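A.B. asks: Assemble the whole structure, with the sequences as input and the hints as a guide.
Protein chains: 2
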Amino acid sequence: MSQADRWLLPDGIEELLPPQAIALETQRRILLDQFHQWGYELIMPPQVEFLESLLTGVGHDLELQTFKVTDQLTGRMMGVSADITPQVARIDAHSWPVNGASRLCYCGTVLHTRAASLLSSRSPLQIGAELYGEAGSNADFEIISLMLQSVQAVGLKQVYLDLGHVGVYRALVAAAGLNHEQQRQFSEALLGKDVTAYAELVNKHISASYQAAFAALITLNGEPAVIARAAEIFRDIPGAMAALQDLQALTARIIARYPSLEIYVDLAELRGYDYHTGVVFAAYVAGHGQAIAKGGRYDQTGSVFGRARPATGFSADLKQWVALTGVTSLTADAIFAPLDPSEQLWQAVQKLRGEGKRVISALSSTDSAQTCNCNAQLVNVNGQWVVESISLKGSA
Amino acid sequence: MSQADRWLLPDGIEELLPPQAIALETQRRILLDQFHQWGYELIMPPQVEFLESLLTGVGHDLELQTFKVTDQLTGRMMGVSADITPQVARIDAHSWPVNGASRLCYCGTVLHTRAASLLSSRSPLQIGAELYGEAGSNADFEIISLMLQSVQAVGLKQVYLDLGHVGVYRALVAAAGLNHEQQRQFSEALLGKDVTAYAELVNKHISASYQAAFAALITLNGEPAVIARAAEIFRDIPGAMAALQDLQALTARIIARYPSLEIYVDLAELRGYDYHTGVVFAAYVAGHGQAIAKGGRYDQTGSVFGRARPATGFSADLKQWVALTGVTSLTADAIFAPLDPSEQLWQAVQKLRGEGKRVISALSSTDSAQTCNCNAQLVNVNGQWVVESISLKGSA
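Here the protein sequences come in this chain order: V and X.
Using the numbering used here, the letters of the first sequence correspond one by one to residues 4 to 399.
Using the numbering used here, the letters of the second sequence correspond one by one to residues 4 to 399.
Since the hints were derived computationally from the structure, they do not count as laboratory data.
Please read all numbers here as calculations on a predicted model, not as lab measurements.
There may be inaccurate statements among the hints.
Pairs count within a copy or across copies, as identical chains cannot be separated in the list.
DSSO-like, lysine-lysine: derived pairs with alpha carbons at most 30 angstroms apart [as the list claims (entries may be wrong)]:
no.: 1; residue 1: K71; residue 2: K207
no.: 2; residue 1: K360; residue 2: K297
no.: 3; residue 1: K354; residue 2: K297
no.: 4; residue 1: K354; residue 2: K160
no.: 5; residue 1: K160; residue 2: K196
no.: 6; residue 1: K71; residue 2: K160
no.: 7; residue 1: K297; residue 2: K196
no.: 8; residue 1: K354; residue 2: K207
no.: 9; residue 1: K297; residue 2: K160
no.: 10; residue 1: K207; residue 2: K160
no.: 11; residue 1: K207; residue 2: K196
C.D. replies: Structure below.
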């Protein structure tokens, strides 16, 4: 690596420079304040944990995404967190056990060995909210509402909502008696939206009585009306109806609260199938193929820590949001303080800063309001330091 | 690892739960706002970089403290950032090059393979400010002032300031003509405050004409008056006088601005000797052996990235500050919203949240203001939702 290349960053690893960093910090505060106003308590899970804590009960994908390092104190393997959600499950189970509903939120950097998709970062700033201890759909509705309000709060436009329910597919799988390996093959075809492979699998493994239901599953996506259509097709499949009724009721409530929101239902959506147990959802913006926020119900995650609790939540990558919302240029409101060692100037400067003003002090005699990008300056008028705005050239 | 142990964290790796996390977030905002008011621009360096970028030009200690992982995309080694300061040097040199003074600040998690000291975290939340492009002591004075104001802003009490200048020792070493290995031995003895080993080294390696100066060095610590004493002793050593005059002038300005601050000068302080080039400083609080913030001048760090610039800065571990300032219990100001699916209640709830109030919505019929730890609730009075505070038991 030559000297000239030493500033290159690995692919998918970003740094945020002043305009972006300020935009991100602003969004971060808006969102954490909103979470607080909804009753969510902030937690800061650690960036590394023992692998057994970090990867127990999570999917194989996350294991592949996790950087491993050796703990020099114990010789044991640790992982750098690639997803904060399982860490929150551990915290709900042990570190911060609450009886009844527990609302938790977080914002922290995670690292991925490989980008989750072509458009993804390998170092997302993951922000999210999780609601533990409540199995009913009121909790899913609260989390989906909070996700939508969050997207709105940072100014993302043209948002639509993707809704699914893994219970429908699980009911079909149970009814058809698919074994573990068959399930894996079906899930893979559905996740890849591979219609041909899926049709072959249906022909090969599904008995005549469930062929129609399985064939229909991959077509059941579109407007919320597909839920009613699915209820017709799956009416004899135990478990499927409960999931559909659940989804139907939730969808109706979302429509009532957000009448202008575009909703896309997909009953073959299996994202996070390894750990999701109910409703799954994601938010998209027009013209951007990747979800901007996603979540769902995952009722068993805490069980590996000895406390299984119903849970639902959502998360997003704040770096992605900043990239999508764009950045306004740095505002130049700043006051220049000249080179003057007097206590009186220092007091004047500190008073202004205490009022929230930005004051930049000269460091050398060549510094000026212009070189320091200031649009005002402190000047000494009859022994008093006063702020004088600098008129723009030609405005006089 | 049994199931019951899965929640254990590695030594020195902490998680922050609600009371601490909120306290930390509060301090974080106070400090980033203050940095902004002083003209410092926020940046967010990446959490991993190629090792060549991360460890070029830094000391051997940092190399040992850095976790290494393989970049699966290139097969090259990356390091997890153990110190954000060298990353800022890279950014000043390449990503965000500014002519003249550049003020930058940051706040992010770093990881250490081993704790820097017995009391240290292995996952500090490093916050800091760096001032590039200005070699004069005005810059050091600004950074030291910002450090002291930061400590004060979060409410840390009984703070004292440690001051040194590596230029004094460098001048002695140059005058005595010590070779690299001898320098290493002297530095080790001084860093460990090992008076006996140091005396032996002086006897062995230092010629008669410099024996008195070297012997004095390890005793030159205490009140700021030691600087004048040193100027007497080192008056014939080229370079030492310039460093002492620099330190003397800076100390005088600090005393003038902060007359009640306790200042401890130590001319044998070699912390960060590998990269520091001028004034070094640290803040301490009474009763706590470890520095709570530290910094200094490091004028050459950017050279490995092709742009050597004068620089001075400070950093601190916000987790340590939260531990030292303590945490007030969670304030319970929250309004309970009962289980009611009406649009009207939702509007009332959102209006309150928009005003900054915390409103917790019931998720089931068993939820109440009491179970949700609320001290007020929304009640429907003649068709209007109004907030009613809940009187404490026995207060009627």
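A.B. asks: If a hint holds in the structure, say so; if it doesn't, say that too.
C.D. replies: How the hints compare with the structure:
Taking the shortest Cα distances, K71 and K207 never come within 30 angstroms of each other, neither inside one copy (40 angstroms) nor across copies (48 angstroms). When the C-alpha separation of K360 and K297 is checked against a cutoff of 30 angstroms, the pair qualifies only between copies, where the shortest distance is 26 angstroms, while the shortest distance within a copy is 38 angstroms. In this assembly of identical chains, the alpha carbons of K354 and K297 lie at most 30 angstroms apart only when taken from different copies (26 angstroms versus 45 angstroms within one copy). In the homo-oligomer, the alpha carbons of K354 and K160 lie at most 30 angstroms apart only across protomers (21 angstroms), although the nearest pairing inside one protomer, at 40 angstroms, exceeds that limit.
Within a single copy, K160 and K196 get their C-alpha atoms as close as 27 angstroms, which meets the 30 angstroms cut-off; across copies the closest is 61 angstroms, which misses it. For a Cα distance limit of 30 angstroms, the shortest separation of K71 from K160 qualifies neither inside one copy, at 38 angstroms, nor across copies, at 40 angstroms. In this assembly of identical chains, the alpha carbons of K297 and K196 lie at most 30 angstroms apart only when taken from the same copy (19 angstroms versus 55 angstroms across copies). Neither within a single protomer nor between protomers do K354 and K207 lie at most 30 angstroms apart by alpha-carbon distance, with minima of 78 angstroms and 56 angstroms respectively.
In the homo-oligomer, the alpha carbons of K297 and K160 lie at most 30 angstroms apart inside one protomer (16 angstroms), although the nearest pairing across protomers, at 44 angstroms, exceeds that limit. In this assembly of identical chains, K207 and K160 lie within 30 angstroms of each other by CA distance neither inside one copy nor across copies; the values are 45 angstroms within and 74 angstroms between. For the identical chains of this complex, K207 and K196 are intra-copy neighbours only, at 18 angstroms inside a copy versus 78 angstroms across copies, given an alpha-carbon limit of 30 angstroms.
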